[in-house]
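So the sequence shown is numbered by my numbering: it starts at 2 and just counts up by one.
One or more hints might be untrue.
[As the list claims (entries may be wrong)] Distance windows between CB atoms, simulated:
| id | residue 1 | residue 2 | range |
| --- | --- | --- | --- |
| 1 | K335 | P294 | 24 to 30 Å |
| 2 | V278 | S75 | 34 to 40 Å |
| 3 | H68 | P294 | 42 to 48 Å |
| 4 | P162 | S35 | 52 to 58 Å |
| 5 | H68 | Y47 | 27 to 33 Å |
| 6 | L77 | A28 | 20 to 26 Å |
| 7 | A28 | Q152 | 19 to 25 Å |
| 8 | P294 | E234 | 35 to 41 Å |
It should be emphasised that the hints constitute simulated quantities derived from the structure, not laboratory data.
Where a beta carbon is used, it is the ideal one built from N, C-alpha and C, also for glycine.
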Amino acid sequence: MGNSLAIINSNNYHDEQNKQNILKMRAVLETLPSFCRTYFRGIEEYTSARTRLAYAYDIRLFFEFLHEKNPICSKLEIIDYPLSILDQLTRIDIEEYLEYMSLYQKDGREITNDERGKARKLAALRSFYNYFYQNEMITKNPASLVPLPKQHEKAIIRLEPNEVAILLDQVEDGTKLTKKELEYHKKTKIRDIALLTLLLGTGIRVSECVGLDVSDVNFDVGGIKVRRKGGYEAIIYFGEEVETALLDYLEQRELVIPAEGHEDALFLSLQNRRIAVRSVENLVKKYTSRVTPLKKITPHKLRSTYGTTLYQESGDIYLVADVLGHKDVNTTRKHYAAQADERRRKAAKYVRLREDTEQ
Numbered sequence: 002m003g004n005s006l007a008i009i010n011s012n013n014y015h016d017e018q019n020k021q022n023i024l025k026m027r028a029v030l031e032t033l034p035s036f037c038r039t040y041f042r043g044i045e046e047y048t049s050a051r052t053r054l055a056y057a058y059d060i061r062l063f064f065e066f067l068h069e070k071n072p073i074c075s076k077l078e079i080i081d082y083p084l085s086i087l088d089q090l091t092r093i094d095i096e097e098y099l100e101y102m103s104l105y106q107k108d109g110r111e112i113t114n115d116e117r118g119k120a121r122k123l124a125a126l127r128s129f130y131n132y133f134y135q136n137e138m139i140t141k142n143p144a145s146l147v148p149l150p151k152q153h154e155k156a157i158i159r160l161e162p163n164e165v166a167i168l169l170d171q172v173e174d175g176t177k178l179t180k181k182e183l184e185y186h187k188k189t190k191i192r193d194i195a196l197l198t199l200l201l202g203t204g205i206r207v208s209e210c211v212g213l214d215v216s217d218v219n220f221d222v223g224g225i226k227v228r229r230k231g232g233y234e235a236i237i238y239f240g241e242e243v244e245t246a247l248l249d250y251l252e253q254r255e256l257v258i259p260a261e262g263h264e265d266a267l268f269l270s271l272q273n274r275r276i277a278v279r280s281v282e283n284l285v286k287k288y289t290s291r292v293t294p295l296k297k298i299t300p301h302k303l304r305s306t307y308g309t310t311l312y313q314e315s316g317d318i319y320l321v322a323d324v325l326g327h328k329d330v331n332t333t334r335k336h337y338a339a340q341a342d343e344r345r346r347k348a349a350k351y352v353r354l355r356e357d358t359e360q
């Protein structure tokens, strides 16, 4: 009975994450005005538990700011705020909040937000206000009047093809690792090669990677089944290099006795438990910092590396969007516009109108 329960738990990694987010959400709701529950129930159908939790944290920040800085709001405890308080706030209150988010203190820490951080916070407020406004529960919608912060496009940080090869060689031989790191490297080398090769060869998200079970790998079709953002499942296909690395790892994986509840997890930690997102982030940092010390490479940057290579090779933005799991192709286009521009520039060199007569 104990084993069957453990298998159920390990099979439902994503459901377990979902459950944790729901529990965290309940704890946050205890600190918010009661009308917030109506809003979060209202958006439940078309948002994930993770998105709702992120919105809840941002809305709580907004109320904390009001409680500290707004003379009307400071007279009441946050949980006692009535819905009518939203009608008393203006566009200026929201703009002051966003300005405050640039730099503020919380729990003894200094926290900053760039344009992207502030844009996400405004998006949460817009959704919040829109819900009550469209349901005719408030008469004003000042959040809709505040323009999104202008975002400066960032260059895509990724690994060049030669850097990818050097990185995988480094994982294999570990020449730049410290003595202590080399002790662990002996035990994790084959796993690390498989994990990094999979990330670089498929472009999957780190959360999708750690959520993989052994049964999600199908060598007959050459694909893995991943749970995408939004909860839907997709098959992502892999090439020969990924297949070889996974087969080598699974051969070693068969000799390991996983901890209870982690029997089905594909990638295991040294404690024989399902590897965590933070652990993958750390191992990516450990290896890449030795190869490209000037580039801050994260698992997401490995995803960008794959997306860039796929787009350069195929020129098909819809294919890239589909494989990366972007619901909107404009998201993909925005990220890879620089590559598209580079391709268009080449067109100028292909067409000659007159032969060069000078010899």
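Output the numbers, in ascending order, of every earlier hint that fails for this structure. Hint check: 7 fails alone, others pass.
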